[in-house]
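Participant: One-letter residues, chain by chain:
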Amino acid sequence: MSILSIRDLKVNYHTQDGTVQAVDGVDLDLDESQRLGLIGESGCGKTTLLKAIVQVLPRNGHIVSGEIKFKGMDLLKLPPAEMRQLRWREIATIPQASMDSLNPVQRVGSQLMKLLRVRGGYTKKAARKRAVDLFDMVGLDTERLMHYPHEFSGGMKQRAVIAMALALEPSLLIADEPVTALDVIVQHQILEVLRRLERELNLTVMLITHDISVVAQVCDSVSVMYAGRIVEEAAAEPFFASPAHPYSLGLQQAFPNLASPRDVLVSIEGYPPDLREPPAGCRFAERCPFVQETCHDIDPQLEVVGDGRMAACLRSNEMDSLRHQAEDPSLWQNVEVTRGFALPAPKSAGDGRGEPLGRPSNVSHQVAADQPVADPYKDKPEPGDGGESDDILLKMNDVSKRFKIGGGLAGLLRGDKEQTVYAVNNISFTLRRGESLGLAGESGCGKSTTGKLLVKLIDASDGQIVFDGADLSRVDDKELLGFRSRVQLMFQNPFEALNPRFTLYRSLTEPLIIHGWKDENERLQRVVETLDRVNLRPAEVFLDKYPHQLSGGQLQRVVLARALVLHPDFLVADEPVSMLDVSVRAGILNTTRRLARELGLATVYISHDLSLLQYTCDRIAIMYLGEIVEIGPSNEVINKPQHPYTKALIAAVPVPDPTIENPPLRIREGVPRPTEQFIGCPFAQRCPEVMEACLDFRPPAIADDREHQAQCHLYGEHRNSPKLQREADIAR
Amino acid sequence: MTIQQEASARGEPAGVATMQFRQGSAIRQLWETNLEVFQRDKMALFGLCIFAVFAVVAIFAPQIAPNDPLTPLKNNEGDWVKDAMPYWLAEPGEDEAEGYTNTFLLGTTNIGRDIYSQLIHGSRSALLVGFSAAAAVAVIGTVVGLLAGYYGGWVDAILMRAADVAFGIPFIPFIIVVSAFLDPSIWNVVVAMAVLLWRDTGRVIRSQVLVIKEQAFVSAARVSGASNLRIIFVYIAPSILPLSFLYGSFAIAWAILTEASVSFLGFSDPETISWGFMLQDAFNSLALSREAFYWIVPPGLCIMLTVMAGFFIGRGYEEVLFPRLRRM
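If you're matching them up, the sequences are chains D and H in order. Be aware that the first sequence starts at 1, since it is given in the working numbering, and climbs by one per residue. Be aware that the second sequence starts at 1001, since it is given in the working numbering, and climbs by one per residue.
Because the hints were derived from the structure by calculation, they are not lab data. A portion of the hints provided could be inaccurate.
Facing chain D, a subset of chain H residues (Cβ under 7 Å, in silico) [unchecked claim]: (1) A1194; (2) Q1215; (3) A1216; (4) A1220; (5) P1238.
Glycine residues also receive a C-beta, built at the ideal position from the N, C-alpha and C atoms.
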């Protein structure tokens, strides 16, 4: 029986610049105990749809027409008071960033009990009992009822929010991005909870997300939204096996997959149409690799294309052959759209192998050079002066970084003791020219700090960082400037990485000005050349744009261009695509990877996403609590992980395939605070394979980082130490 | 609305990129922000108009004012024309009987000075005090805020403890003390404000700098090798200048109000006409009991208008700087 049925729903937002048709004619049916995944990139109307269902649209949002029926009741005609009764009791929502929706000044348990008593009519005693049951159900320690939200970790808060959503036994649970922004291990555990509850409580779930692998793990049917419309509807298994809409096809191939890695990920270039004036024809036409003449004129409707599958595509009958064509990644890359600029797409956009942008700046010890900045052209190496390919560019020797917190006058007044955060602990590795290394780990493992150390945004507390023969702690100002011209950083958030007050030309030319390029025409030439390199074409169009005029993907390309404009030989990319839509992620990665190869650029990628690192990096280092616990060639680390932590991280990555269920993890969530120094192995508290020796001795440091090695007793002299039963034996 | 949609909406036509784009300097940006303030907020525009009118009046005061503001006017017999009513209130023929021609728009004071001329000249000191104090407050506050916020550590500690001290000193009594030490002058107010009132601007700007300096584009500049001064003045300062303008425009209003208060309390230079001085003069000569509203209301109105103008402009900046406040 259909529990929720939406017919021809249209929602508009009135803005200063016109009316945005955010949801434009959506039909949706949700049967009892169905688990529907709603996928789409940002701005496609997913969240608006959710808000329309529970009628919490912002003030400028209006439901223009359509019908939302919930258990036969027309929600749009329901008086507000009755609607209020329905929310939470019948339709529970887990809003975006819901972890922050807990009241910070009330105990989590009392918030839950208050909800039960006020909305559920429970007595005090019954509410307490129910709260305990709920906490049990989502896997939270019931003692936690008396704790405040700040004492909860992110994953625990998310569990509490799920418990609250389910408290009144709703018939429908709508979750908006429930695991986004959680660490991969926590994400895995939350998904496990959701999966278990779905089974136990026979829940009806609507899950809104941009991440198709989450849908694969939790949902049994899928709807794909694009530009305010649903473009495909299918059961999960056929959907993942053979998507029936070009957009779904692209999304699927844009996702890196640890289980079956692709050689080249595709990127759906361009961006969704302006919903103030939606195009007359197919909305995806502009980005579609299979576009035909008719696509621009005829608006395809959602039609049945197979057994219980619907797709809105004019060419859905040829889908089998299209799917075959789509296997070729170059097909997608050719649709580099420069929308609104009305210029033809460049020919060899994607894997273009033009002449190199320049040589790797040089090998002649520019850091210590006499005139590093005077004339950049002089520093250009002679052709053929490439140096040996395997010499060491960068060496980290037992580098540590400590921060002091809680000290100072304020700490003194509060009575806080000054604490030391051991952000990075004695890490050592080497990096060769042209090599790429990935740093992975949960948040707080010190990977970003390492990135900052590498580009000398902060200085190491201990140890030595040697870049091209020069010790970074001993460079003078002039040498530092030389270093700055050779090492660049790419940022996580492209919306913040560019000065909003500068035109792109200004942003890109700044590094050149700083490094003494006097001639404006030379600067302009270099900027244009670099923009062209990162596939922002024609470059001239972008020069006088401001950052807010570009999409996230384009901005990240500009950030990349700024990093490359000085022709550096070392690039650190800190979560380069985590803020971007899935559809454009691959494009950025492909461009970065190609340019790194062309320029002989050594790269360090920092990411929590192992599948991404496997895709881009030669080697991967896994970090835990400021230490590198495993390092080795990418494929070996992913396929033959040694350290239990690496194994857990890999097992936790959701697979975009509903037929494969992620194995249960045997590791507890929650990284210990990095303020303690451990006698034994720092991972022992969470390790599923903990041995006696792990509590008493530090595991031997990685001896040779050029090989695949782990810092773990399982592979050292203590490998035969007796195993411990977890929990019981680890007295804290 | 997503960035993409916004961007596509703006999507300017292709091919316009010639060499013009290179003029896009920070100064032009700032100018555009200022322009935006007055285009979007009609109140701010109104405030600006008020200032413009007073500025014109102040510049051409000697030409506009019919009489000298300080010299008592005399009739045919050489006596002061005391307490003359405005010509539009006075009984006809009264002036001829007293031996003068009543052309006084706002009448005369108890020692025969022309009130209208005083009002015109008063705008000079008001604007002089207002703008110089505002400039001093904005400049000192901005520099302090930038240095404290950017460098942090002991620079921050020293500057912010100084701000704490400034916060601890009561404002009007401080000016009175300053006036006691220095010769009476309208500049006392400017000096006192410069010494004390940078504290608010400095604090606010510091907090903004703390936010901006953590943004990735500042790190990017540092990674590119930009020096500290370059980062402060090329990257951070343009972003906080509108905030300085905001505090500056509030400071104009404050300064004018303060000058009026101080003059009214009698600590001003008797040789300089200001609106506050006029009020004090009127108060002392019992103009209130004589119902000489034409003496009291105009300077009061002028003070109110200029102060309002300052706040209107400040409000306009606030709307552009903190658009979220609008929806509250």
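Participant: Holds or violated: is the Cβ of P1238 of chain H closer than 7 Å to a Cβ in chain D?
Facilitator: Check passed: Cβ of P1238 of chain H comes within 5 Å of chain D, closer than 7 Å.
Participant: Under 7 Å, Cβ to Cβ, is where A1216 of chain H needs to be relative to chain D, so tell me if that hint holds or is violated.
Facilitator: Check passed: Cβ of A1216 of chain H comes within 4 Å of chain D, closer than 7 Å.
Participant: Q1215 of chain H was flagged as interface toward chain D. Is the shortest Cβ-Cβ separation under 7 Å?
Facilitator: This interface hint holds because 5 Å falls under the 7 Å limit.
Participant: Double-check A1220 of chain H for me: the hint is only fine if its C-beta lies closer than 7 Å to a C-beta in chain D.
Facilitator: holds, 6 Å
Participant: Minimum Cβ distance from A1194 of chain H to chain D below 7 Å?
Facilitator: violated, 29 Å
Comparing the model with each numbered hint stated earlier shows that hint 1 is the single one that does not hold.
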